[in-house]
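There are 2 protein chains.
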Amino acid sequence: MVRDPKTSMAWLRNLSKYSSTIAKLSSSPKTNTDLFFLLPSFTFLSHFSSNSIQQKPSNSNTKHVIEYSGLLEATKPHEKPRVVVLGSGWAGCRLMKGLDTTTYDIVCVSPRNHMVFTPLLASTCVGTLEFRSVAEPIGRIQPALSREPGSYFFLANCTAIDTHNHMVQCETVTDGEETIDPWKFSISYDKLVIALGSKPSTFGIQGVKEYAIFLREVYHAQEIRRKLLLNLMLSDVPGITEEEKRRLLHCVVVGGGPTGVEFSGELSDFIMKDVQQRYAHVKDYIRVTLIEANEILSSFDDRLRRYATNQLTKSGVRLVRGIVKDVKAQKIILSDGTEVPYGLLVWSTGVSPAPIIQSLDLPKEPSGRIGVDEWLRVPSVQDVFSIGDCCGFLETTGRQTLPALAQVAERQGKYLAELLNRIGKEGAGHANSAKEIEFGDPFVYKHLGSMATIGRYKALVDLRQSKEAKGLSLAGFLSFFIWRSAYITRVISWRNRFYVFINWVTTLIFGRDISRL
Amino acid sequence: MVRDPKTSMAWLRNLSKYSSTIAKLSSSPKTNTDLFFLLPSFTFLSHFSSNSIQQKPSNSNTKHVIEYSGLLEATKPHEKPRVVVLGSGWAGCRLMKGLDTTTYDIVCVSPRNHMVFTPLLASTCVGTLEFRSVAEPIGRIQPALSREPGSYFFLANCTAIDTHNHMVQCETVTDGEETIDPWKFSISYDKLVIALGSKPSTFGIQGVKEYAIFLREVYHAQEIRRKLLLNLMLSDVPGITEEEKRRLLHCVVVGGGPTGVEFSGELSDFIMKDVQQRYAHVKDYIRVTLIEANEILSSFDDRLRRYATNQLTKSGVRLVRGIVKDVKAQKIILSDGTEVPYGLLVWSTGVSPAPIIQSLDLPKEPSGRIGVDEWLRVPSVQDVFSIGDCCGFLETTGRQTLPALAQVAERQGKYLAELLNRIGKEGAGHANSAKEIEFGDPFVYKHLGSMATIGRYKALVDLRQSKEAKGLSLAGFLSFFIWRSAYITRVISWRNRFYVFINWVTTLIFGRDISRL
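Respectively, the protein sequence lines represent chains A and B. Count the first sequence with UniProt numbering and you get residues 1 to 517, in order. Count the second sequence with UniProt numbering and you get residues 1 to 517, in order.
If we strip away everything but chain A, and leave its shape as in the complex, we get (with noise of 0.2 Å):
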């Protein structure tokens, strides 16, 4: 039986008389004390005020009218002190991780509310592993975020930082939700850790962004992956031409670093598996192109390369040398004027720094990263720390900037957690009480070697310490067995181990997933 109506109606009625207060508060004059006196309840949130509830003026009923605007204001000095991490990725994800939660609160501020495994992405394009089994929600990353009453994680994207004042200012992210806008609000910090990565290079090439995929978040993954299945489809229908069949069948990689080579790999290892079984009809007619200026893998040993080149060209993979001048819908137009049709197109040459870095009033090293210290450090301002691709030694250390990969942001996140737990033990942690601080031992990068799969359970492990050292490199099934057991143990959580294990169990016996969902 359905509860007496007029007790389950009587919250519905509340909140609806609520609402109209509320409406002709927002129209009148705004004065937040009455708001306040009106919202007893909001009081308890004490991190939070509202400065401001503007009414905008309505263009469409489907927009949300009133605009927020929040700060989450300076922490008091007999509270926890405030790290306001920029980013989600490997620098960010590792430093919250590595933080003392007795010591800081943790404020994220990301777009993506997960962290994404990169090193495994190529291989979920094709459903060798489902997605979410390299996606790490930060939540699980850093439990605090969502239990602390001071820790936050926020959906949103950071558009100014005001290093005087020690304020972020944010935006939240609403992607696909037309009914609301963007709320806008402020965060004060006493640490700020800026961690906002890279975004992939066009080199300006026209087109690039309209039609190529690239390969770094999962959307990008599950967009390759809708595509690669639309096509195998639609080439099997009547009165589409040879021509047209052989278009939509040609998956034209551009870039042979590591993600380049490994996307391509997975996609000839999907051909000559699950294609040839699932999609007979069409089999003979899907071609893997690799299109790279200079050397494929150019940072692995000559020895690595010479077979990383033997076993792409064995299972398929047409190497190609050449200059990407121009990108149409429907095919590329390389620098000595051939035309490659393509009917599907990723793109992974490398990265440069996100537009953001590029606005913000800092100091920047030579390739347009913002400049650190030894100690990762912004030393122009106060309390301004910057980890992974989006920073770089400045030209005063002495120091290269290092490269932009997953390895060098996992360990600046890690030491930086490090530092920041020991000024935050000392009592430093508040906003501009670190100035008489001892910092230690300067950031030392320690190249582990790089590890790239070629496809066929076959991997390359390049364990040099840089392309000049000598050391061991390994290449075939055991590097491969190395491979997949060193990202299995570096999976953050649990949880994803065991799915990422489950992924590759069901694909060696029941073949890969093909719905498109």
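Please note that the accuracy of each hint is not assured.
Unchecked claim - The calculated EDC-like cross-link candidates involving lysine to aspartate or glutamate, where the alpha carbons are at most 20 Å apart (straight line), are:
hint	chain 1	residue 1	chain 2	residue 2
1	B	97	B	148
2	A	425	A	438
3	A	283	B	148
4	A	184	B	243
5	A	425	A	148
6	B	273	A	148
7	B	184	A	242
8	A	364	A	162
9	A	273	A	284
10	B	209	B	326
11	B	435	B	373
12	A	414	A	426
13	B	199	B	223
14	B	446	B	410
15	B	328	B	243
16	B	328	A	181
17	B	184	A	243
18	B	283	A	148
19	B	209	B	339
20	B	283	B	242
21	B	425	B	441
22	A	328	B	181
23	A	325	A	210
24	A	273	B	148
25	A	414	A	374
26	A	184	B	242
27	B	414	B	441
28	B	328	B	339
29	A	209	A	339
30	A	76	A	426
Unchecked claim - Distance windows between CB atoms, simulated:
hint	chain 1	residue 1	chain 2	residue 2	range
31	A	175	B	273	26 to 34 Å
32	B	272	A	169	33 to 41 Å
33	B	367	A	209	44 to 52 Å
34	A	175	B	396	52 to 60 Å
35	B	73	A	175	41 to 49 Å
36	B	350	A	418	53 to 61 Å
37	B	448	A	69	52 to 60 Å
I should point out that these hints are in silico values taken from the structure, not numbers from a laboratory. Owing to the predicted nature of the structure, the values given are computational and were not obtained by experimental measurement. No residue lacks a Cβ here, since even glycine has one placed at the ideal position from N, Cα and C.
Knowing the structure of chain A, use the given hints to seat chain B on it.
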């Protein structure tokens, strides 16, 4: 090392030369014979012929300019007859699974390449199950579709049926792909099975389509999940009012049938277990309201209904009896004038025939479904059958139209597969050759009972054959166990049985997944 660039570029050059030949051809007056002469390899695709390739005026560079128009020709007497199945739901998939592929070629036309295991869909919205676990690729249900030379799956919508000429017209689905125009093509059939299902009813209420989310496809579940997680995160942002926080976190479900009840149950489970832990800041603001005009679970036994009402109320679901009059972007208005603000609105009030069904020139039964006789034939035309939600018994049969249930659809698919197999074996598989055939036993539906979960490891199982009959009914944990066992053995492939099992175990151990992909 990269292969010799000359060799590797050769095929690309050929392709681009080829492409310019085609371009010239298609801009000159179109002569199919010339085109086929130039495309010799086209001929080995025995089933296909292209009846026109037209040049459309190009209004945008991003759009493909050639409109293909293909035809899958009528089968020859010495070839296997062709069953064309429209739709890939419970009815169509069960039919395809049962068809004898040594007797028939099968062509399936559907806008999605997987079957949705609908009874488990509600669980995916809150992360109890993964989306993939409830989607079964059609190629796994009937492997002949991807392997047999005369069987196909086309990712397309049926746009018209020409029963006189035994033809269906189709248009490919290109959702999200702006660089591809849909292709039109026709398929000749020997037997046609219309299994196009139903669409959610909105009862002509304004705003339902714009603002509410249905729960029938995987993308609906994905949308619900994204919105729920977005609202949970937005409600934690500094400066948001109490009222807005309550609105964002108010989940309203309209419709108290099994889907609405199961979704409410899953949602309250999610709130009680996962939101408490992972969104501790806002846990006291989230609420679930289930609005139903009559009684919830009206097809179930009285005792079970009372049990469900108690259990749902205990888990914090508010049951409201009301009629929705109007739906706005952030509130619904009930017929008594009550305004109900919401952040998430899920609509599950029943179904009506799909729009294409209305447009078909076939006899209908009183509620607008395609009218069939006791053998599920459309009696006025040759070789056309209809099964599932889109069909109903003609008044002349003296039978009542069956409810739109997975159970009915599945049983009809099974029956029709056996009937068609028998017709095929008797040599009457080809078009217009079954006129003299004895159809044998008509279809008889025997209801096996109804099941629904209500969260907290509780379920209802009603084993009565009809609302008036007496019979066994169970509620509680034991029936939850029966429910899960019953469903896990009905998930079609072993792969998905395995995944559903793994998902349940992981949720039990690690909690639900909360990453917003």
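Hints, verified against the model:
1. Using a Cα cut-off of 20 Å, the hinted pair residue 97(B) and residue 148(B) holds, with the two alpha carbons roughly 14 Å apart.
2. About 13 Å separates the Cα atoms of residue 425(A) and residue 438(A), which keeps this hinted pair within 20 Å; it holds.
3. A C-alpha spacing of about 13 Å is found between residue 283(A) and residue 148(B), which places the hinted pair at or below 20 Å, so the restraint holds.
4. Straight-line distance between C-alpha atoms of residue 184(A) and residue 243(B) comes to about 18 Å, which keeps the hinted pair within the 20 Å bound.
5. With a C-alpha separation of about 19 Å, the suggested pair residue 425(A) and residue 148(A) falls inside the 20 Å cut-off, and the hint holds.
6. Proximity of residue 273(B) to residue 148(A) is assessed by CA-CA distance (about 17 Å); at most 20 Å being required, the pair is judged to hold.
7. With a CA separation close to 17 Å, the supplied pair residue 184(B) and residue 242(A) stays within the 20 Å bound.
8. A threshold of 20 Å between alpha carbons decides the hint, and for residue 364(A) with residue 162(A) the separation of about 17 Å falls inside it, so the pair holds.
9. A hinted pair counts as satisfied when its Cα atoms are at most 20 Å apart, and residue 273(A) with residue 284(A) qualifies at roughly 13 Å.
10. For the given pair, residue 209(B) sits about 11 Å from residue 326(B) by alpha-carbon distance, which is consistent with the 20 Å threshold.
11. About 15 Å separates the Cα atoms of residue 435(B) and residue 373(B), which keeps this hinted pair within 20 Å; it holds.
12. Proposed proximity of residue 414(A) and residue 426(A) is supported: the alpha carbons are some 19 Å apart, at most 20 Å.
13. Taking the CA atoms of residue 199(B) and residue 223(B), the gap is near 17 Å; set against the 20 Å cutoff, the hint holds.
14. A distance of roughly 12 Å separates the Cα atoms of residue 446(B) and residue 410(B); the hinted pair therefore holds under the 20 Å criterion.
15. Proposed proximity of residue 328(B) and residue 243(B) is supported: the alpha carbons are some 17 Å apart, at most 20 Å.
16. Using a Cα cut-off of 20 Å, the hinted pair residue 328(B) and residue 181(A) holds, with the two alpha carbons roughly 16 Å apart.
17. Between residue 184(B) and residue 243(A) the alpha-carbon distance is near 18 Å, which keeps this suggested pair within the 20 Å criterion.
18. Between residue 283(B) and residue 148(A) the alpha-carbon distance is near 13 Å, which keeps this suggested pair within the 20 Å criterion.
19. A threshold of 20 Å between alpha carbons decides the hint, and for residue 209(B) with residue 339(B) the separation of about 19 Å falls inside it, so the pair holds.
20. About 13 Å separates the Cα atoms of residue 283(B) and residue 242(B), which keeps this hinted pair within 20 Å; it holds.
21. Our distance criterion of 20 Å between C-alpha atoms is met by residue 425(B) and residue 441(B), whose separation comes to about 17 Å.
22. Between residue 328(A) and residue 181(B) the alpha-carbon distance is near 16 Å, which keeps this suggested pair within the 20 Å criterion.
23. For the given pair, residue 325(A) sits about 15 Å from residue 210(A) by alpha-carbon distance, which is consistent with the 20 Å threshold.
24. Restraint check for residue 273(A) and residue 148(B): the C-alpha separation of about 17 Å stays at or below 20 Å, so the hint holds.
25. Taken as a hint, the residue 414(A) and residue 374(A) pair is honoured in the structure, with Cα atoms around 15 Å apart against an allowance of 20 Å.
26. Pair hint residue 184(A) plus residue 242(B) holds up; C-alpha atoms about 17 Å apart against a cutoff of 20 Å.
27. Annotation: proposed proximity of residue 414(B) to residue 441(B) holds, straight-line Cα distance about 14 Å (limit 20 Å).
28. A threshold of 20 Å between alpha carbons decides the hint, and for residue 328(B) with residue 339(B) the separation of about 10 Å falls inside it, so the pair holds.
29. With a C-alpha separation of about 19 Å, the suggested pairing of residue 209(A) with residue 339(A) holds against the 20 Å cut-off.
30. For the given pair, residue 76(A) sits about 17 Å from residue 426(A) by alpha-carbon distance, which is consistent with the 20 Å threshold.
31. Between residue 175(A) and residue 273(B) the beta carbons are some 27 Å apart, a value that agrees with the proposed interval 26 to 34 Å.
32. In this structure, residue 272(B) and residue 169(A) meet the distance hint of 33 to 41 Å, their C-beta atoms being roughly 36 Å apart.
33. The hinted range of 44 to 52 Å is satisfied by residue 367(B) and residue 209(A), whose Cβ atoms lie roughly 50 Å apart.
34. Distance hint for residue 175(A) and residue 396(B): a CB-CB separation of about 53 Å, consistent with the stated range 52 to 60 Å.
35. Range check, residue 73(B) to residue 175(A): about 46 Å between beta-carbon atoms, so the 41 to 49 Å window is met.
36. The hinted window of 53 to 61 Å between residue 350(B) and residue 418(A) holds, with their beta carbons roughly 60 Å apart.
37. Against the hinted window of 52 to 60 Å, the Cβ-Cβ separation of residue 448(B) and residue 69(A) comes to about 58 Å, which satisfies the hint.
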